[in-house]
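*Asks:* All the letters of the sequence shown, read from the start, carry residue numbers 416 to 539 under my numbering.
Hint data in this document are derived by calculation from the structure and do not stem from the laboratory. Mixed in with the good hints, there may be bad ones.
Derived pair list, reagent style SDA-like, types lysine to any residue, alpha-carbon separation capped at 20 angstroms [said to hold, decoys possible]: (1) 511 x 447; (2) 479 x 421; (3) 443 x 504; (4) 511 x 449; (5) 511 x 521; (6) 479 x 539; (7) 511 x 450; (8) 443 x 510; (9) 479 x 538; (10) 419 x 429; (11) 419 x 482; (12) 479 x 489.
Per label pair, the in silico range of CB-to-CB distance [as the list claims (entries may be wrong)]: (13) 439 x 509: 18 to 28 angstroms; (14) 463 x 443: 15 to 25 angstroms; (15) 479 x 440: 41 to 51 angstroms; (16) 482 x 436: 43 to 53 angstroms; (17) 529 x 416: 12 to 22 angstroms; (18) 439 x 536: 33 to 43 angstroms; (19) 440 x 510: 17 to 27 angstroms; (20) 419 x 463: 16 to 26 angstroms; (21) 421 x 456: 19 to 29 angstroms; (22) 439 x 519: 23 to 33 angstroms; (23) 449 x 481: 35 to 45 angstroms.
For glycine and all other residues, C-beta sits at the position ideal for the given N, C-alpha and C.
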Amino acid sequence: MLRKYVVIGSLNLLVAVALGAFGAHGLKSILTESQLNTYETGVHYHMIHALGILVIALLSGHLKMSRQLLWSGRLLFTGIILFSGSLYLLSVTGIKVLGIITPLGGVAFLLGWLLLAVAAIRNS
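Turn these sequences into a full structure, and let the hints guide you.
*Replies:* The structure is reproduced here in structure tokens:
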């Protein structure tokens, strides 16, 4: 699990930095201020939760392996796809219905962090 989540976390950070740079330089003159703010929110949450996946990878070396720990990482990754992905698409395409997907990603983030806490509590 350690190596797998280090790879997932670090590649997601790479993508988040690339998308952030693309937004700052390539989309700044194309998107409205509101669209750019939405895009930047996606990048922000993408980075935070990619770091979270790296934290889970590091903790997997110290905590007893559990389903909660495994699902914590899975849910953070799912949240990145649903939350940040929907914000990227919403801001670039203007298709408002994509906003329906965003809260599902937020719930995945919340559950991922909750399961990490449960894994830590059960480990003691």
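*Asks:* Evaluate each hint against the coordinates.
*Replies:* The hints, checked one at a time:
1. Of the pairs offered as hints, the one joining residue 511 and residue 447 holds, with about 15 angstroms between alpha carbons and a cut-off of 20 angstroms not exceeded.
2. A threshold of 20 angstroms between alpha carbons decides the hint, and for residue 479 with residue 421 the separation of about 17 angstroms falls inside it, so the pair holds.
3. Proximity of residue 443 to residue 504 is assessed by CA-CA distance (about 15 angstroms); at most 20 angstroms being required, the pair is judged to hold.
4. The hinted pair formed by residue 511 and residue 449 meets the criterion: a straight-line CA distance of about 13 angstroms does not exceed 20 angstroms.
5. About 17 angstroms separates the Cα atoms of residue 511 and residue 521, which keeps this hinted pair within 20 angstroms; it holds.
6. Simply put, residue 479 and residue 539 have alpha-carbon atoms about 9 angstroms apart, close enough for the 20 angstroms limit, and the pair holds.
7. Our distance criterion of 20 angstroms between C-alpha atoms is met by residue 511 and residue 450, whose separation comes to about 11 angstroms.
8. Distance hint between residue 443 and residue 510 is fulfilled; the C-alpha atoms sit about 19 angstroms from each other, no more than 20 angstroms.
9. Our distance criterion of 20 angstroms between C-alpha atoms is met by residue 479 and residue 538, whose separation comes to about 6 angstroms.
10. For the given pair, residue 419 sits about 15 angstroms from residue 429 by alpha-carbon distance, which is consistent with the 20 angstroms threshold.
11. Simply put, residue 419 and residue 482 have alpha-carbon atoms about 15 angstroms apart, close enough for the 20 angstroms limit, and the pair holds.
12. For a cut-off of 20 angstroms, the pair hint linking residue 479 to residue 489 stands: about 17 angstroms separates their Cα positions.
13. Separation of residue 439 from residue 509 is about 20 angstroms and conforms to the stated range, judged on CB atoms against 18 to 28 angstroms.
14. Restraint check, residue 463 to residue 443: a C-beta distance of roughly 22 angstroms satisfies the suggested window 15 to 25 angstroms.
15. Between residue 479 and residue 440 the beta carbons are some 45 angstroms apart, a value that agrees with the proposed interval 41 to 51 angstroms.
16. Our hint of 43 to 53 angstroms for residue 482 and residue 436 is violated, since their Cβ atoms are close to 37 angstroms apart.
17. Separated by about 19 angstroms at the C-beta atoms, residue 529 and residue 416 satisfy the suggested range of 12 to 22 angstroms.
18. Roughly 40 angstroms separates the CB atoms of residue 439 and residue 536, a value that falls within the hinted 33 to 43 angstroms.
19. Checked against the hint of 17 to 27 angstroms, the C-beta distance between residue 440 and residue 510 comes to roughly 24 angstroms, which is consistent with it.
20. Take residue 419 and residue 463: their Cβ atoms lie about 20 angstroms apart, and the range 16 to 26 angstroms holds.
21. At roughly 26 angstroms, the beta-carbon separation of residue 421 and residue 456 lies within the given 19 to 29 angstroms, and the hint holds.
22. Between residue 439 and residue 519, the C-beta spacing of about 27 angstroms keeps the proposed range 23 to 33 angstroms intact.
23. About 42 angstroms separates the C-beta atoms of residue 449 and residue 481, a value consistent with the hinted range of 35 to 45 angstroms.
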